[in-house]
Amino acid sequence: MQMLFTLLLLTSQLSRALIAPVDSGNPESVTLDILSESNSTFKTAKCELDDAPSLMFAPAFGYRLDKIVAGDTLVWECKNNVHVALLNVHLKDGVPQSAFLLLEPESGEHSSKNLVLKEATGGSYAGAKWEEANQKEFGDAVRKVRKTPHSVQSFTLDIGKNDNRWASLELQNMRTLAFIPHSGFHATKVCRGEYSFWEGKPGERCISAFLVDNRELHLILKYNQEKEWTLTFTYNSGTWISDQ
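For the sequence shown, the residue numbers in mature numbering (1 follows the signal peptide of the UniProt record, and there is no 0) are -17 to -1, 1 to 227.
Just so you know, these hints were derived from the structure itself, not from any lab. Some clues are possibly wrong.
Straight-line alpha carbon distances no greater than 30 Å define the calculated BS3-like cross-link-like pairs of lysine-lysine that follow [said to hold, decoys possible]: (1) Lys119 x Lys50; (2) Lys75 x Lys62; (3) Lys172 x Lys26; (4) Lys101 x Lys62; (5) Lys210 x Lys119; (6) Lys130 x Lys62; (7) Lys62 x Lys96; (8) Lys96 x Lys112; (9) Lys130 x Lys172; (10) Lys210 x Lys96; (11) Lys119 x Lys29; (12) Lys101 x Lys127; (13) Lys112 x Lys26; (14) Lys62 x Lys26; (15) Lys130 x Lys184; (16) Lys50 x Lys127; (17) Lys29 x Lys96; (18) Lys101 x Lys172; (19) Lys112 x Lys184; (20) Lys112 x Lys62; (21) Lys130 x Lys119; (22) Lys50 x Lys75; (23) Lys62 x Lys29; (24) Lys144 x Lys29; (25) Lys127 x Lys75; (26) Lys172 x Lys210; (27) Lys130 x Lys210; (28) Lys130 x Lys112; (29) Lys101 x Lys130; (30) Lys172 x Lys112; (31) Lys101 x Lys144; (32) Lys130 x Lys96.
Quick list of simulated restraints, FRET-style, between CB atoms [claimed, not checked]: (33) Gln227 x Lys50: 36 to 42 Å; (34) Ser220 x Phe138: 19 to 25 Å; (35) Ser137 x Phe44: 32 to 38 Å.
Since this is a predicted model, take the numbers as computed values, not measurements. In this text, a Cβ means the ideal position worked out from N, Cα and C, and glycines have one as well.
Could you build the full structure based on these sequences and the hints that come with them?
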């Protein structure tokens, strides 16, 4: 359930960024094959969101994600002009097992959808189906792919730098940068150069950070395996202001 809560928090935070997306004119409708290594119309990041091996996809500027497939198997298709703004696919031995979709409507509130793979045999997609999952089903599917790191190293997540201890993904249509620590690396402090946003107490870590338009920073924080919460900073008149 914790991973689902993490992703629901992500939906809540990123939906705020989607209120005023970058105008890309008339975006081209595209299909994403999550089994393909070549997806030039998408931004892609390989990461371990809260120790669950994942692939994150976001449409590149000028494109709109209207259909998702896994080879010849349909995963999801656009209905009622609702498109995918962000896709997080959870992997087991490199094979997609579950997916979280952040959905963007033409107008109104944003939403999310959880999908799980069913009836797959031997790691093959022959006879497999993707179905919508409730919270328990999705949580169970994610638990099956989560890996416990052999060791843990604490570090400072500097959102002003690139580093091999975390994955970053640019969500162009949302003017957003996502930062996700890799498995085995616990971000116990978040900063930008010499400016410190947050420093955790024992047992606390940041499992993801989202910088929106260089003026909002959304952190998803976690205490051991017991509690998750968000912390938001807004840049105003030369100062970063926390919501707490």
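A quick look at each hint next to the structure:
1. Lys119 x Lys50: Holds, at roughly 25 Å.
2. Lys75 x Lys62: With a Cα-Cα distance of about 29 Å, the restraint between Lys75 and Lys62 holds, given a limit of 30 Å.
3. Lys172 x Lys26: Given pair Lys172, Lys26 holds - Cα atoms ~27 Å apart, limit 30 Å.
4. Lys101 x Lys62: 22 Å, holds
5. Lys210 x Lys119: 18 Å, holds
6. Lys130 x Lys62: Distance of about 35 Å is beyond 30 Å: violated.
7. Lys62 x Lys96: Roughly 13 Å separates the two Cα atoms, so the pair holds.
8. Lys96 x Lys112: 16 Å, holds
9. Lys130 x Lys172: Status holds; Cα separation ~23 Å.
10. Lys210 x Lys96: 23 Å, holds
11. Lys119 x Lys29: The given pair, whose Cα atoms are some 25 Å apart, holds under the 30 Å limit.
12. Lys101 x Lys127: Distance ~14 Å between Lys101 and Lys127 Cα, so the pair holds.
13. Lys112 x Lys26: The hint holds at about 25 Å.
14. Lys62 x Lys26: With Cα atoms ~23 Å apart, Lys62 and Lys26 stay inside 30 Å; holds.
15. Lys130 x Lys184: Holds, because 24 Å separates the two Cα atoms, which is no more than 30 Å.
16. Lys50 x Lys127: 26 Å, holds
17. Lys29 x Lys96: 20 Å, holds
18. Lys101 x Lys172: 39 Å, violated
19. Lys112 x Lys184: 43 Å, violated
20. Lys112 x Lys62: 19 Å, holds
21. Lys130 x Lys119: Roughly 19 Å between the alpha carbons, so the hint for Lys130 and Lys119 holds.
22. Lys50 x Lys75: Holds, at roughly 23 Å.
23. Lys62 x Lys29: Judged against 30 Å, a Cα distance of about 28 Å means the pair holds.
24. Lys144 x Lys29: 18 Å, holds
25. Lys127 x Lys75: 8 Å, holds
26. Lys172 x Lys210: Distance of about 17 Å is within 30 Å: holds.
27. Lys130 x Lys210: 19 Å, holds
28. Lys130 x Lys112: 25 Å, holds
29. Lys101 x Lys130: At roughly 21 Å apart (the allowed maximum being 30 Å), Lys130 and Lys101 satisfy the hint.
30. Lys172 x Lys112: 41 Å, violated
31. Lys101 x Lys144: Answer violated: Lys101 to Lys144 is near 40 Å, above 30 Å.
32. Lys130 x Lys96: Roughly 23 Å separates the two Cα atoms, so the pair holds.
33. Gln227 x Lys50: 36 to 42 Å: Since the Cβ atoms of Gln227 and Lys50 sit about 40 Å apart, the hinted range of 36 to 42 Å holds.
34. Ser220 x Phe138: 19 to 25 Å: 31 Å, violated
35. Ser137 x Phe44: 32 to 38 Å: Since Ser137 and Phe44 have Cβ atoms about 35 Å apart, the given range 32 to 38 Å holds.
The structure fails hints 6, 18, 19, 30, 31, 34 (numbered hints given earlier, in ascending order).
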